[in-house]
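Chemist: Input sequences plus hints: build the corresponding full structure.
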Amino acid sequence: SQTIHQWPATLVQPVGSPLSLECTVEGTSNPNLYWYRQAAGRGLQLLFYSVGIGQISSEVPQNLSASRPQDRQFILSSKKLLLSDSGFYLCAWRFGTVSYEQYFGPGTRLTVT
Amino acid sequence: AQSVTQLGSHVSVSEGALVLLRCNYSSSVPPYLFWYVQYPNQGLQLLLKYTSAATLVKGINGFEAEFKKSETSFHLTKPSAHMSDAAEYFCAVSLMNRDDKIIFGKGTRLHILP
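Taken in order, these protein sequences are the chains called A and B.
Take the first sequence: its position 22, counting from 1, is numbered 22 in my numbering, and each next residue is one higher.
Take any residue in the second sequence, note its place counting from 1, add 113, and you have its number in my numbering.
If you're looking for bench data, these hints aren't it; they were derived computationally from the structure.
Owing to the predicted nature of the structure, the values given are computational and were not obtained by experimental measurement.
For each residue, glycine too, the CB sits at the ideal point set by N, CA and C.
Take the hints with a grain of salt, since some may be wrong.
Part of the chain A face toward chain B, derived, beta carbon under 10 angstroms [what the hints assert, rightly or not]: (1) Gln2; (2) Ile4; (3) Trp7; (4) Ala9; (5) Thr10; (6) Tyr34; (7) Gly41; (8) Arg42; (9) Glu59; (10) Leu90; (11) Ala92; (12) Arg94; (13) Tyr100; (14) Tyr103; (15) Gly107; (16) Val112.
If you only want the chain B side, here are some residues facing chain A, beta carbon under 10 angstroms, derived [said to hold, decoys possible]: (17) Ser122; (18) Tyr145; (19) Asn154; (20) Ala205; (21) Phe217; (22) Lys219.
Modeler: Next comes the structure, spelled out in structure tokens:
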């Protein structure tokens with residue numbers, strides 16, 4: 001069976017500090033991978049998605065970036081955090097072309113102070 | 114363009130009562146539709162999915178949803194609410210392309226009254 005991991009689970013960072021959130025998927029190969037953010041009361045916002053290693057598409061250009069150094073690893077980064085980056089970050093994956101539903105990780109709660 | 118509208122950001126029902134969460138979609142092609150549930154500080158969990166087979170779809174935890182093309186609706190129901198059903202529920206539609214982006218509704222928070 002497939003499993004998706006995210007870490008850390010919670011993070012408190014000062015404004016202007018760097019960020020690195022990691023997501024890994026086990027039990028499948030060549031998944032599509034997605035980063036979402038949930039700000040308080042604002043629903044789900046798609047930030048980045050990737051259909052393969054090194055292939056990243058950005059939905060919301062801002063001070064965040066994403067990378068996919070390995071098939072089942074997806075990293076969300078920032079060089080300098082803003083207060084507005086606070087939120088709940090969710091990673092998700094999908095079987096390449098088999099089905100259309102996405103499966104979500106447990107999330108990372110980021111608070112920028 | 115595809116879109117999803119969930120009617121009611123908050124819904125309250127008594128324990129044991131019928132749960133009805135409303136979702137209407139807009140799609141230029143036959144859609145794939147989903148319902149997800151999110152408990153506090155957790156990720157989203159797939160409840161059920163419609164993929165153009167049976168119009169009445171059964172999911173986990175006793176939930177089901179009916180696809181009605183004429184009404185462009187995909188409402189979620191459960192005959193008898195349980196306290197453990199208190200959570201936020203998201204309706205979603207798939208763009209059904211290689212990127213497979215999913216468009217999510219804004220969510221409905223379900224409150225269960227004792």
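Chemist: Would you mind marking each hint as holding or not holding in the structure?
Modeler: Hints, one by one, checked against the model:
Hint status for Gln2(A) relative to chain B: violated, with the closest Cβ pair at about 12 angstroms, above 10 angstroms. A least Cβ separation of about 8 angstroms between Ile4(A) and chain B falls short of the 10 angstroms threshold, and the interface hint therefore holds. Nearest Cβ of chain B to the Cβ of Trp7(A): about 13 angstroms, over the 10 angstroms cut. The hint is violated. A cut of 10 angstroms between beta carbons decides the hint on Ala9(A): the least distance to chain B is about 9 angstroms, and the hint holds.
Contact between Thr10(A) and chain B, as hinted, is supported at the beta carbon level, the nearest pair being about 9 angstroms apart and thus within 10 angstroms. With a cut of 10 angstroms, the hint placing Tyr34(A) at the interface with chain B holds, because the nearest CB-to-CB distance is about 8 angstroms. Restraint check, Gly41(A) versus chain B: the minimum CB separation of about 9 angstroms is within 10 angstroms; hint holds. Residue-level restraint check for Arg42(A) holds (minimum Cβ-Cβ distance to chain B is 8 angstroms; threshold 10 angstroms).
Hint on Glu59(A) holds. Least Cβ distance to chain B is approximately 8 angstroms, under the 10 angstroms limit. Of the supplied interface hints, the one on Leu90(A) holds, with its beta-carbon coming within about 6 angstroms of a beta-carbon of chain B, less than 10 angstroms. Nearest Cβ of chain B to the Cβ of Ala92(A): about 8 angstroms, under the 10 angstroms cut. The hint holds. With a cut of 10 angstroms, the hint placing Arg94(A) at the interface with chain B holds, because the nearest CB-to-CB distance is about 5 angstroms.
Using the Cβ-Cβ criterion of 10 angstroms, the hint placing Tyr100(A) at the interface with chain B is satisfied: the shortest such distance is roughly 4 angstroms. Checking Tyr103(A) against chain B by beta carbon gives a least distance of about 7 angstroms; that is within 10 angstroms, so the hint holds. At about 5 angstroms, the closest approach between the beta carbon of Gly107(A) and any beta carbon in chain B falls short of 10 angstroms, and the interface hint on this residue holds. Using the Cβ-Cβ criterion of 10 angstroms, the hint placing Val112(A) at the interface with chain B is not satisfied: the shortest such distance is roughly 18 angstroms.
Checking Ser122(B) against chain A by beta carbon gives a least distance of about 9 angstroms; that is within 10 angstroms, so the hint holds. Taken as an interface hint, Tyr145(B) checks out: its beta carbon lies about 5 angstroms from the nearest beta carbon of chain A, inside 10 angstroms. A cut of 10 angstroms between beta carbons decides the hint on Asn154(B): the least distance to chain A is about 7 angstroms, and the hint holds. A hinted interface residue such as Ala205(B) counts as satisfied when its beta carbon comes closer than 10 angstroms to some beta carbon of chain A; here the least separation is about 9 angstroms, so the hint holds.
Residue-level restraint check for Phe217(B) holds (minimum Cβ-Cβ distance to chain A is 5 angstroms; threshold 10 angstroms). The beta carbon of Lys219(B) is positioned within 10 angstroms of a beta carbon in chain A (closest approach about 4 angstroms), and the interface hint is therefore held.
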